[in-house]
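Visitor: So you can see what is in the structure, the chains are spelled out below.
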Amino acid sequence: MSWFSFHFPDFALSFLGIIFEGIPFLLLGSLVSGAVEAFVPGEVLTRWLPKNYAAAIVVSALLGLVIPMCECGSVVVIRRLIRKGLPLSCAITYMMAAPIVSPVVALSTYAAFRGQNPLEITLLRLVLGFLIAVGVGMAVRDIPAERLLQPAMLDSLPGRRRTGLSMAAVPDDAALDLADGGVRGKLFRAVQSATSDFLDVTFFFVVGAAIASTFNTAVNQSLLVPIATNPTLSVMAMMVLAFALAICSSTDAFIAVSFRMFPPAAKLAFLVFGPVFDTKLCFLYGAVFRRWFVMSLGIGLFIVIALICNHLGLILNNT
Amino acid sequence: MTALFNRWLPGVTLLAWSAVLLSFYLTGRIASFLHPAFRGYVLVAGLLMLAMAACFLLLPGVASCCDDERCGHPLGRRKSGRILTFLILILPVATAAMVSPKNFGAATILNRGIVTDASGLISRTNAPRIMPPQPAAQTTTDNPAEPPLPTKDGSQPVAQAAASPAASQNAIDDYLPKAKDGNVEVQVIDLLYAAQDTSMRADFDGKTVETIGQLMPDDANNAGGNRFKLMRMFMYCCAADAKPIAALVEAPQKPNAPEMAWVRVIGKVTFPIEGGRTIPILNAVSVTQTDPPEETMLY
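Top line first, the protein sequences correspond to chains Z and W.
Everything in the first sequence is counted per the working numbering, starting at 1 for the first residue and increasing by one.
Everything in the second sequence is counted per the working numbering, starting at 1 for the first residue and increasing by one.
It should be emphasised that the hints constitute simulated quantities derived from the structure, not laboratory data.
For each residue, glycine too, the CB sits at the ideal point set by N, CA and C.
It is possible that some hints are incorrect.
Unchecked claim - Quick list of the computed label-pair ranges, beta carbon to beta carbon:
hint, chain 1, residue 1, chain 2, residue 2, range
1, W, L43, Z, K51, 44 to 52 Å
2, Z, P226, W, N222, 23 to 31 Å
3, Z, P103, W, G28, 27 to 35 Å
4, Z, V127, W, L26, 38 to 46 Å
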């Protein structure tokens, strides 16, 4: 039997299955993102943060629970929030956590893993996402903003440019205020922002669904047994796949679950690594952060998540 | 040109997606793609997209954020990106919507690998379709002071009926669904689950049952040449994760139907141990080609 046999109608059936299942969640995420953009001023977040560094970073990692945002949306939002004076370390923490520590993602992960220990996978994903984000936030706390941010971003910052809380200052930048025009104007802005997010992210979702469907229908699954049954290889393979597919965190669980041969730890690695570092995020991060930071972030996240998930896989297999 | 990119392209894209989602939901085609638990979301998403499209197409005030240099949408900032987004969002979905069949072809099924025992399936939180009745002893222990309620047709209640072996057999027969001709009507998944459960296995063993599925050859353990697989797709969430499952059928002669044809099989159930596993085998008395069922997937 050949290792690859592509049959377009079968591909279409699998492709539309993933699209129909994931698109309502992607739309929900986009609508929430649009509403936040239009109705939640950036200063509110800054006011909420505790004065203590560690506490502020922990709270930032949990902000996604009240202001859920997909990874594309979170990069968009932190650009605005950094300019509005949110400490850079907190903004980075929120950017890393929001695509995972969010009710929309929890709901979609639970729904996707229906019948396959959904609570366990969902909780592990949220906790791991939270810890990774807090770890990154702590790691960048003492790095000067000049070393992290692109020059164009630095130019728009207020005078003091370091990542710590003491450098937090709300800029007097009227141009960055939310759209005026009352509720009607804000509603329009919410729809506009939600649609832009939706179209942008759905592009990657469609491409991801197409790759996943090709894999699921055309590739002889028995050939994957050596990779899927090796704990370390399976984790790393799913992380590389998450990087390449660049699927939105609100729908990636539906893709992950379709890789039936892979163990839960490998799927978890896919679900934790993909939302914080993938091909489209490389591009998006590059618009805000310097290249060395983006590269270091990617390599660091890959190693840490692979080690944790590999270890978790060994624990799960022994229980 | 600005109106085209800021207003018409997003509006038309949303409208097209809304049309696809709503048409699949309203025509019932969605059944081949999604588990029933997810179908309602498709309707809601279709309606929301329709409303968003109406906003773009009817209200000229909605502009694109992607004219702004600070916009974080990598594809939306360039006109070429917007055209690419439009094409990628419209063409694959529209083409797939036109050509997608109700069920998978043989090549995909073989690529995914056919499961012939329930241990090859991921554990489910929901119960099997057919559930045996509560044991009589447990029922009486739970409520020792209360007599069993009378049945509507005046027959003996199950708790009393199960007191004797014959009555117990009647109670078992009562919970097994019947086809028009009186045979026990089962799905392939019921047989696979029954093979894993001692009490259910006893209930099914030796019974004449009736079931339908797609005919697939059995190349593995078919020395006599009289075996084939009766296959169904078992869906967890969507078509992408559907797994082919099959019960083995032994027929006196090779069925007069092509591979992947839908066939109705009537036969006696046995649960032999092969390769160290208990598997269900149907000893067919009749195999006839039939129309596909309303819903081709099992859930």
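Visitor: So, for every hint listed, does it hold in this structure?
Guide: Hint-by-hint comparison with the structure:
As the Cβ distance of L43(W) to K51(Z) is approximately 48 Å, the hint placing it in 44 to 52 Å holds. Distance hint check for P226(Z) and N222(W): the Cβ-Cβ separation is about 28 Å, which falls inside the suggested range of 23 to 31 Å. Range check, P103(Z) to G28(W): about 31 Å between beta-carbon atoms, so the 27 to 35 Å window is met. At roughly 41 Å, the beta-carbon separation of V127(Z) and L26(W) lies within the given 38 to 46 Å, and the hint holds.
Going through the hint list in order, the structure satisfies each hint without exception.
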